[in-house]
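**Student:** This is what each chain is made of:
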Amino acid sequence: MPHLLRVQNLSTYYKTQRGFVKAVDNVSFELKEKEALGLAGESGCGKTTIALSLLRILPVGGFIKSGHIFFRNTDIVKLSDQEMRERIRWKKISLVFQGAMNALNPVYKIGDQIVEAIRTHEPEVEKREALERGKKLFELVGIEPERINNYPHEFSGGMRQRAMLAMALATNPELLIADEPTTALDVIVQAQTLKLIRDLKKTLGLSLMLITHDLSIITETCDKIAIMYAGKIVELGSVASIYKEPLHPYTQGLLAAFPSIKAPRTRMISIPGFPPDLINPPTGCRFHPRCKYAMNICKKKEPVLTDVGNHHMVACHLIQKT
Amino acid sequence: MTDLVVEVKELKKWFPVRLGFFKTVLSRQQLFVKAVDGINFKIKKGEIFGLAGESGSGKTTTGRVILRLTEPTSGKILFQGKDITNISEEELKRIRRKMQIIFQDPYESINPRMTVFDILAEPLRVQKLASGVELEERVYKALENVDLIPPEDFVWRFPHELSGGQRQRVATGRALIVNPDFIVADEPVSMLDVSIRAEILNLMFDLRKRYGVTFLYITHDLALARHICDDIAIMYLGKLMEMGPTEQIISEPLHPYTEALIKAVPNPDPHAERVEAVIKGEIPSPISPPSGCRFHTRCPKYIGNICKEKEPPFVRVGKEHFVACHLYT
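Chains as they are written, first to last, in this note's numbering: chain A, 1 to 322; chain B, 1001 to 1329.
Treat the hints as calculated values from the structure; they're not laboratory data.
If you're wondering where the values come from, they're calculated on a predicted model, not measured in any experiment.
Worth double-checking, as some hints may not be accurate.
[What the hints assert, rightly or not] Pairwise CB distance ranges (calculated):
#1 B:Lys1141 / A:His3: 54 to 64 Å
#2 B:Lys1308 / A:Pro145: 24 to 34 Å
#3 B:Leu1069 / A:Arg267: 27 to 37 Å
#4 B:Asp1206 / A:Lys136: 51 to 61 Å
[Stated by the list, open to error] Now the stretches of chain A that chain B is said to cover, found in silico as 3 or more residues with beta-carbon under 8 Å:
#5 217–228
#6 253–262
[To be verified] Calculated cross-link-like contacts (lysine to aspartate or glutamate; reagent style DMTMM-like; alpha-carbon spacing at most 20 Å):
#7 B:Lys1009 / B:Glu1320
#8 A:Lys292 / B:Glu1091
#9 A:Lys109 / A:Glu139
#10 B:Lys1141 / B:Glu1122
#11 B:Lys1209 / B:Asp1083
#12 A:Lys195 / B:Glu1259
#13 A:Lys262 / B:Glu1259
#14 B:Lys1042 / B:Glu1259
#15 B:Lys1042 / B:Glu1108
#16 A:Lys195 / B:Glu1252
#17 B:Lys1263 / A:Asp199
#18 A:Lys195 / B:Glu1247
#19 A:Lys262 / B:Asp1083
#20 A:Lys32 / A:Asp199
#21 A:Lys244 / B:Glu1259
#22 B:Lys1044 / B:Glu1320
#23 B:Lys1098 / B:Glu1047
#24 B:Lys1280 / A:Glu144
#25 B:Lys1280 / A:Glu126
#26 B:Lys1308 / B:Asp1269
Yeah, the Cβ is synthetic: ideal placement off N, Cα and C, and Gly gets one too.
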């Protein structure tokens, strides 16, 4: 399967009064066609910044400092704003925002918002045709097409989430990024939404990037996982191999932190401490202040992401020594 | 005489629906949102009692009514054997020293303009429990209790200088500072990162062990509930569907709704079979809930007209296990 997306040494910083926040620091990963990658980590580790960099919609102060993002063979870091808008954004890569339930404009009908999304990117499409497409999309995501003229407040949270998915799919993108798609939803609606994402991926042949802090959501939908900590990818591999044998102490911590409904009842384990300040991140391995295996070398030298076989990569001195 | 901390009898909370002027005149009928519609349960001393269900099932309202933050429509609330359903505000204030609440969202439940010290000191000042040096000592002690150590690093901070987990600790500390016997914890970790949830939950365990605090734990996540609750009640559209010891209910759920909630929990094992049998649709409107069994419109095990016509009684099926479903009557 050919590569759809190759991110190479991407660094995205935010300029603040106190200095540069190194939100994404030298991150590389790849995504093949029809593959689903889950990006996991705690709040503030840079997951959302990666998504915003891929679409080049960083907020004021944010900028891509260095690196390449190849979408097929185009380096989108080098594209002009106009080219980005006309060729890539929404047409090739689209995004379901975090808190999507609140991302709809409350004073416009949902149908009009979908029509706007379609016509912004494909100005040649007639309004009526766009609305018809909107209805088909509604059917696709499991909402009755007649409800396209409703306002957002007439929808429940789960339906708004579906409508946002419909809007993200309006221009037939190849890559869909979903940023915490189920965080505000309760379990049943969450399960319904995850099933919908799985089905859409299959029927439309989409590639998917799912951003979340909850690893169990990734194993439900993705093929590969990238674990991020403090702006870096610390472990990367197939869902099966990371679940079976998490190598990085941080990944082990994340996997132990959520309760299972099947495994025996035990005291839950948490990762002590807090994520670091990304203006002055810790030296060496950024995880060392919270790591229970920290050695001397961890404070001094930054571990590199190395392949331990089977495309399972990890950045940890514990692994590199052996 | 009693080792029950809370007992709820036929508790109801109906919120009147406000219509526009013309609709009110024309319909002449007052509509109600039946948020809590006749529920019974008992919480034993020192236990963590779970109340689980989807959004809109009435679990938060139940928690609030027990503390009388919301006035009940009918039914009885007994706190440590005493009927508090109709007691005066003054008496209520005395009793509130013994009952506290931790809210869902630590970004909204603590005042952003107050320092951590003032947030924690406020309940003591309101209840006139301590002042001067004693007040200060108790604030420091409370911070230590919730693992914000050393306390002097935290007392003068404002909420925006704290992370989500630290805020929830402050909210927990505030609930604990009056040495309550009973705490309602309303989804205390749903806004937090998975990695720090365990810390807050373990904190609850420790507090129960050390001080014998009783908890009502409100959640929609049965995986979490299973790890921390001793007993659990499953709620749907204002009614209890099933109740009993947590282990038993999770391992052998009887009610189809309980089963659906369990199946909806994402499974972290990538090799596990993906169960697609998630119930369809969303919770119906509590203004005019479905007839008969309220769950019949979504039930995968619907057995015929009886479900539509007759409301199933809440029957005992095991020593402490109750269920409301026609499959078992």
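**Student:** Are the hints correct? Go through all of them and say.
**Tutor:** Cross-check of the supplied hints:
no. : hint                             : in the structure
1   : B:Lys1141 / A:His3: 54 to 64 Å   : 58 Å, holds
2   : B:Lys1308 / A:Pro145: 24 to 34 Å : 29 Å, holds
3   : B:Leu1069 / A:Arg267: 27 to 37 Å : 32 Å, holds
4   : B:Asp1206 / A:Lys136: 51 to 61 Å : 55 Å, holds
5   : 217–228                          : holds (count 3)
6   : 253–262                          : holds (count 9)
7   : B:Lys1009 / B:Glu1320            : 17 Å, holds
8   : A:Lys292 / B:Glu1091             : 51 Å, violated
9   : A:Lys109 / A:Glu139              : 17 Å, holds
10  : B:Lys1141 / B:Glu1122            : 15 Å, holds
11  : B:Lys1209 / B:Asp1083            : 27 Å, violated
12  : A:Lys195 / B:Glu1259             : 18 Å, holds
13  : A:Lys262 / B:Glu1259             : 13 Å, holds
14  : B:Lys1042 / B:Glu1259            : 23 Å, violated
15  : B:Lys1042 / B:Glu1108            : 30 Å, violated
16  : A:Lys195 / B:Glu1252             : 25 Å, violated
17  : B:Lys1263 / A:Asp199             : 18 Å, holds
18  : A:Lys195 / B:Glu1247             : 27 Å, violated
19  : A:Lys262 / B:Asp1083             : 40 Å, violated
20  : A:Lys32 / A:Asp199               : 18 Å, holds
21  : A:Lys244 / B:Glu1259             : 27 Å, violated
22  : B:Lys1044 / B:Glu1320            : 13 Å, holds
23  : B:Lys1098 / B:Glu1047            : 16 Å, holds
24  : B:Lys1280 / A:Glu144             : 14 Å, holds
25  : B:Lys1280 / A:Glu126             : 35 Å, violated
26  : B:Lys1308 / B:Asp1269            : 38 Å, violated
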